[in-house]
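> Let the hints inform the model, and build the full structure from the sequences given.
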Amino acid sequence: MTENKKNDIAVTIAGIEMNTPLVMASGTFGYGFEVPRVADFRFEDVGAVVLKSVTLKPRTGNKPHRIAETPAGVLNSIGMQNPGVEYVAKYYFPMLKNLPTKFIANIAGESTDEYVEVARIIAESDAIEAIELNISCPNVKGGCAIGVNPQDAFALVSAVKAVCGKPVIVKLTPGVTDIKSIAESCIAAKADALSVGNTYTGMVIDTHTRRPVLGNNYGGLSGPAIRPLTVCNVHKVRQAIGDSAIPIIAFGGVSNASDAVEVMLAGASAVGVGTAVFTNAHICSEIADGLRAYLQSQNETNIADIVGTVKLN
Amino acid sequence: MTENKKNDIAVTIAGIEMNTPLVMASGTFGYGFEVPRVADFRFEDVGAVVLKSVTLKPRTGNKPHRIAETPAGVLNSIGMQNPGVEYVAKYYFPMLKNLPTKFIANIAGESTDEYVEVARIIAESDAIEAIELNISCPNVKGGCAIGVNPQDAFALVSAVKAVCGKPVIVKLTPGVTDIKSIAESCIAAKADALSVGNTYTGMVIDTHTRRPVLGNNYGGLSGPAIRPLTVCNVHKVRQAIGDSAIPIIAFGGVSNASDAVEVMLAGASAVGVGTAVFTNAHICSEIADGLRAYLQSQNETNIADIVGTVKLN
Amino acid sequence: MKKSNSNAIFDTIATVIAQKPSGTNAYTLTFECPEIAEAAQPIQFVNIAPVPLTAEGSPGPALDMLLRRPLGFSQVRPEQGRFDVIYQVVGRGTQAMADFKPGDRVRILGPLGMPLTADMIKAQTVILVGGGLGLPPLYDLAPELIKAGKEVIVIAGARAENLLIMDTQQCKLKRPLPDIGETTGFKPFVELGADCVITLDTPAEGFLSGLVTEPLNKYLEQDFDGGLEIIACGPPIMMKVIAQIARDRGVKCRLIMEARMGCGLGACQACVCKTTDGYKRVCTEGPVFDAEDIVWE
Amino acid sequence: MKKSNSNAIFDTIATVIAQKPSGTNAYTLTFECPEIAEAAQPIQFVNIAPVPLTAEGSPGPALDMLLRRPLGFSQVRPEQGRFDVIYQVVGRGTQAMADFKPGDRVRILGPLGMPLTADMIKAQTVILVGGGLGLPPLYDLAPELIKAGKEVIVIAGARAENLLIMDTQQCKLKRPLPDIGETTGFKPFVELGADCVITLDTPAEGFLSGLVTEPLNKYLEQDFDGGLEIIACGPPIMMKVIAQIARDRGVKCRLIMEARMGCGLGACQACVCKTTDGYKRVCTEGPVFDAEDIVWE
Ligand SMILES: Cc1cc2nc3c(=O)[nH]c(=O)nc-3n(C[C@H](O)[C@H](O)[C@H](O)COP(=O)(O)OP(=O)(O)OC[C@H]3O[C@@H](n4cnc5c(N)ncnc54)[C@H](O)[C@@H]3O)c2cc1C
Ligand SMILES: Cc1cc2nc3c(=O)[nH]c(=O)nc-3n(C[C@H](O)[C@H](O)[C@H](O)COP(=O)(O)OP(=O)(O)OC[C@H]3O[C@@H](n4cnc5c(N)ncnc54)[C@H](O)[C@@H]3O)c2cc1C
Ligand SMILES: Cc1cc2nc3c(=O)[nH]c(=O)nc-3n(C[C@H](O)[C@H](O)[C@H](O)COP(=O)(O)O)c2cc1C
Ligand SMILES: Cc1cc2nc3c(=O)[nH]c(=O)nc-3n(C[C@H](O)[C@H](O)[C@H](O)COP(=O)(O)O)c2cc1C
Ligand code: FES
Ligand code: FES
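Residue numbers (numbering that gives the first Met the number 0), protein chains in the order written: chain A, 0 to 312; chain G, 0 to 312; chain W, 0 to 296; chain Z, 0 to 296.
What the hints contain is simulated information worked out from the structure, not anything from laboratory work.
Everything numeric in this text was worked out from a predicted model, so none of it was measured.
Worth double-checking, as some hints may not be accurate.
[Unchecked claim] Mimicking DSBU-like on lysine-lysine, the simulated pairs with C-alpha atoms at most 30 Å apart in a straight line are:
1. G/62 - A/179
2. G/310 - Z/273
3. W/273 - G/62
4. G/179 - A/235
5. G/310 - A/62
6. G/235 - Z/273
7. A/235 - W/149
8. Z/121 - Z/100
9. A/62 - Z/121
Following this line, the structure appears as structure tokens:
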């Protein structure tokens with residue numbers, strides 16, 4: 000597909016040329032090489048991979064259980080387990096070099112300084128096309144607080160932009176009263192794209208033991224359950240920032256081509272795929288095939304042309 | 000069951016003595032008499048019914064489609080169709096008189112004055128035990144704005160309390176950055192109970208027509224999909240307001256006894272059941288039976304004793 | 000048909016007895032459910048969970064599809080405690096129903112909606128117009144009308160011959176159309192003694208072709224001494240056109256409307272259709288509406 | 000057993016060949032899936048979607064249960080392209096799996112985890128301790144050990160006789176326990192030539208009663224010239240106690256750990272178990288861990 004110039008589902012987001020609009024979501028696709036161990040994995044169908052969130056220092060993560068199943072959803076509280084940015088940059092980034100897709104690093108931290116420091120280190124790597132700022136993780140202190148406050152978000156994005164030559168994507172938390180105001184302050188701070196959506200804070204309790212199922216008590220809800228909320232948030236943000244503003248990558252609940260089309264119609268230029276990988280490691284190829292079929296059925300030649308084309312009732 | 004004093008799942012919320020902790024959610028149980036048309040309906044298993052939201056003036060409601068199915072959820076935008084408070088009080092309230100459960104009226108409006116006026120009219124009826132203020136409906140302008148702002152919520156609740164001798168329950172919107180601060184201002188305004196949870200704003204798009212499925216474009220997401228969010232919100236609010244504060248009625252995603260136990264362990268004294276009625280009109284009896292079995296399995300004698308007993312990890 | 004005049008509605012568990020293909024991508028499902036079979040009256044319907052209960056009776060993986068699917072009775076056999084529905088696979092729910100196997104236990108709500116019985120119809124002749132899957136509910140009504148001594152004419156429309164949901168046979172029209180004394184009709188209607196014509200979008204030998212409105216218009220040019228009424232069920236666009244024709248001709252017309260449902264019991268106000276008197280619930284005031292009252296949007 | 004040494008993992012569709020009860024509330028499922036059957040090695044496992052695909056291959060109502068369930072191979076027959084798993088119904092997923100019927104197509108990921116092969120084990124004698132559904136993966140391992148010329152002793156624990164998941168038969172112990180020269184063992188192990196004792200929580204004629212640790216302790220008092228190793232699989236509480244016993248006696252011990260999984264591929268860090276070197280992934284570094292390395296919480 001990469002060589003095929005007629006590839007009608009290719010998109011360019013924040014200067015990143017992607018084979019498909021499909022972006023593997025941070026935390027569900029590891030450091031890029033784990034899932035593709037499955038036989039016949041088609042990397043060409045992956046537009047970009049967002050790597051697992053990295054922090055300045057290594058983090059051990061939360062105690063188990065770290066995952067629970069909910070109706071049409073999954074609750075997780077991994078707690079940002081990662082070996083720290085230096086380790087990741089040294090040992091994992093080089094493995095990504097010749098893989099036929101694009102890689103985006105995702106960074107988290109408990110303070111602006113931490114984000115900036117991590118961004119500075121990552122910005123040096125050739126393997127990485129862009130940085131996604133996770134300001135919306137419910138499983139770690141700090142990150143979430145920044146994500147709910149427009150001023151803090153502005154300050155953080157500005158600071159990272161100042162040290163980082165690569166495109167900066169901001170991953171917004173969806174569980175806020177007014178996601179539009181946060182989107183707008185990220186744009187004011189010159190963010191290059193917005194990832195609209197992340198998990199929603201939830202809890203599952205084992206009624207026999209009367210204990211929360213997750214070791215961390217609370218976790219983040221992802222999966223098809225939240226898809227209608229993602230579609231709505233994408234639409235709201237797109238309406239607020241206007242069609243010509245920076246691109247949106249939708250995250251939350253996409254599990255098939257129809258879902259992907261929905262968030263694109265609502266205004267997303269690219270589509271995150273996370274939890275769905277747990278149900279089928281080849282999901283990205285299935286969705287890509289479905290997108291191609293959709294374009295054909297709609298007599299469209301380029302997937303970019305459908306972005307934001309929902310007609311309100 | 001009503002006569003049986005050993006009824007171990009009876010609860011008292013804001014002075015309302017209920018056979019069971021199960022509360023039929025506003026909008027899913029009409030004006031109290033529709034669903035019980037099914038043969039063998041066991042009203043004794045219903046702790047209380049919250050009637051469909053009423054407004055001062057009749058409302059025609061939103062254009063169809065008004066409901067859509069989502070993964071483990073339902074999106075609705077009824078738009079508060081109702082014949083207005085005078086009609087409801089005159090024709091529907093009298094029908095509720097001798098039914099073996101308790102009735103709570105739910106009111107909505109676009110201004111504080113409107114809420115107050117409706118509350119005043121309803122407060123006169125013997126058929127109604129309490130008033131639930133819907134400050135969280137995503138399908139009507141006004142209501143939602145009040146629900147996201149602690150000051151507005153305080154003003155509204157105070158104003159209604161001033162004219163209404165009956166207990167006032169405030170139904171909080173879950174889709175906010177900080178539900179705790181709104182809960183606290185309702186308590187400061189002397190609310191008698193909190194309904195924690197309502198639908199979350201969502202959207203579903205028909206990919207063939209590229210139009211939103213709902214006539215109103217956006218709707219409110221309910222059903223099992225949102226249950227983990229409800230459990231979390233109930234727990235957060237209960238932690239914030241303390242065990243001895245006013246009771247919480249949980250709303251959102253309860254579809255079986257295990258779900259009901261979960262929200263009670265998290266801190267709810269009563270449990271709303273809405274969308275689940277669509278799957279089974281007898282759901283309330285099934286859940287009541289399940290709650291009795293749970294008490295037995297846990298060697299508990301009274302359901303009230305399990306409220307808030309989750310042990311964090 | 001029937002039977003007990005109670006307005007009872009049951010939310011109960013029905014057992015799948017059989018499932019057979021009816022044309023392409025459509026199936027006839029037979030349920031055993033004595034209480035509903037005994038209470039059912041013409042034009043009523045049932046709301047059917049699209050996924051069967053698990054062995055233990057829990058909804059199992061059905062949490063994913065919460066809403067029950069409304070389907071009209073196509074035939075009710077109260078003496079057997081059974082009824083049939085005929086449905087087309089159009090989305091995920093009906094797709095899942097296509098996997099129903101004999102013995103499956105399914106949660107089901109009904110009978111729903113206001114019945115339409117022969118005594119409610121004054122006219123001596125009734126033209127039943129069914130588009131696609133609008134036909135089955137009319138098949139439930141037809142015997143009732145014929146038993147009441149009415150003349151019944153059925154005009155059925157379908158996209159193509161392979162989509163016909165019932166067996167066909169030659170039908171010698173008692174009330175011939177210009178140039179057409181004999182044509183292919185649906186066997187069940189013909190056997191009841193009704194006139195039946197079938198029009199197809201894709202022409203096929205032995206069938207009329209074109210829209211249902213063509214034979215309808217031709218019939219409407221004839222004289223009906225005992226009065227005429229049209230009852231139509233099918234895609235909204237078809238019903239809208241028929242409503243207009245009926246209004247133009249001054250013929251009484253009833254429509255069987257569809258809407259997306261929540262509760263099925265009149266509680267949630269989801270299933271509305273717009274009328275001159277505001278939004279009305281298909282599950283409670285409907286599914287039959289006077290064509291005059293419908294406001295088309 | 001086996002076979003190709005590739006580390007290939009497949010995310011593919013397996014066909015259900017048979018499902019048979021194995022004791023109470025447990026089942027043996029046979030899948031046809033040549034690629035996985037050929038690649039599987041002992042102690043590896045598969046992650047199985049708990050709801051079959053619909054006829055069209057879409058996950059159908061499975062959206063409600065997103066996570067695949069990890070189950071160890073109980074027997075792999077690469078020459079047939081088939082393998083078995085034995086599972087107990089413990090929750091909604093395994094409950095749904097109990098409805099699998101021959102011909103169902105199921106999405107499945109595997110083989111997963113690091114294999115444990117005979118050449119990795121230095122000791123001449125291996126005691127396999129299986130509690131409840133910890134047994135099946137050990138049955139996959141045993142032939143491998145025996146083929147490599149090792150002495151295999153199986154200690155199986157269960158709550159009651161009706162919960163035994165395999166057929167039993169008399170077993171004349173080659174290495175008798177004090178007072179016990181013969182007892183009831185699991186037929187598949189006995190037929191392989193292993194010693195097998197079964198202890199039950201609820202006593203029953205012909206079986207030992209009590210915890211698996213009782214026969215284990217008795218064995219550990221004997222001499223094992225060629226060295227001894229314990230491999231245990233079962234409930235965490237059992238494994239913790241065995242780990243302690245092994246440490247006290249200075250015997251090498253490996254444990255097959257369980258954890259709730261997301262991806263199964265090492266990407267999500269969900270399936271961790273705590274070790275002296277931090278949290279390790281059961282799906283990737285596991286499922287076998289050195290008992291010494293586990294940090295019990
Ligand atoms: C009173 C009544 C009687 C009906 N009788 C028949 C019949 O006899 N045979 C037949 O084939 N069909 C009939 N229908 C239409 C049938 O209900 C829909 O085709 C079916 O619900 C589609 O379900 P789905 O899951 O396959 O589609 P999806 O589009 O996946 O369904 C999504 C949701 O929309 C609802 N929905 C979709 N289309 C319709 C529709 N046309 N009407 C109402 N709800 C819809 C579904 O029930 C479900 O809640 C009737 C509808 C009504 C209201
Ligand atoms: C490597 C490995 C091998 C296993 N081999 C076997 C086997 O051969 N036979 C057998 O009966 N069981 C085995 N198990 C346990 C089996 O995975 C669980 O019993 C099963 O996942 C329960 O699913 P459920 O939907 O019925 O339970 P639920 O409690 O409803 O499941 C909810 C979620 O928790 C997970 N979960 C629940 N219990 C466990 C558990 N003990 N381990 C891991 N995840 C769990 C489920 O997979 C699901 O994601 C194994 C587990 C692991 C990790
Ligand atoms: C197990 C798991 C781990 C995750 N870890 C991260 C993370 O480290 N950083 C991050 O920004 N998002 C993380 N996410 C969120 C996903 O990137 C994604 O935004 C979210 O899951 C919603 O998309 P989905 O419904 O497609 O999964 C994680 C999600 C899951 C399920
Ligand atoms: C069809 C429908 C109509 C509703 N109408 C109202 C309403 O009028 N007033 C209100 O306060 N809540 C309304 N709700 C919200 C429910 O009362 C309840 O809070 C919500 O559905 C979450 O609970 P559930 O998941 O159990 O349905 C409605 C919900 C549905 C599904
Ligand atoms: S479906 Fe609820 S009122 Fe008709
Ligand atoms: S299950 Fe994802 S890392 Fe093991």
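> Is it true that the CA of residue 62 of chain G sits at most 30 Å from the CA of residue 179 of chain A?
27 Å, holds
> Is the hinted pair residue 179 of chain G and residue 235 of chain A satisfied, with a Cα-Cα distance of at most 30 Å?
25 Å, holds
> Against the 30 Å threshold, does the CA-CA distance of residue 235 of chain A and residue 149 of chain W hold or violate the hint?
57 Å, violated
> Take a quick look at whether residue 121 of chain Z and residue 100 of chain Z sit within 30 Å of each other, Cα to Cα.
Distance ~42 Å between residue 121 of chain Z and residue 100 of chain Z Cα, so the pair is violated.
> Taking only the CA atoms, is the gap from residue 235 of chain G to residue 273 of chain Z under or equal to 30 Å?
29 Å, holds
> Hint check: residue 310 of chain G vs residue 273 of chain Z, CA-CA at most 30 Å. Holds or violated?
22 Å, holds
> Is residue 273 of chain W close enough to residue 62 of chain G, meaning Cα to Cα at most 30 Å?
Holds. Residue 273 of chain W to residue 62 of chain G sits at ~8 Å (cutoff 30 Å).
> Hinted pair, alpha-carbon criterion (30 Å max): residue 310 of chain G, residue 62 of chain A. Please report holds or violated.
16 Å, holds
> Keeping to a limit of 30 Å between CA atoms, is the pair of residue 62 of chain A and residue 121 of chain Z held or broken?
33 Å, violated
Of the numbered hints stated above, those contradicted by the structure are hints 7, 8, 9, listed in ascending order.
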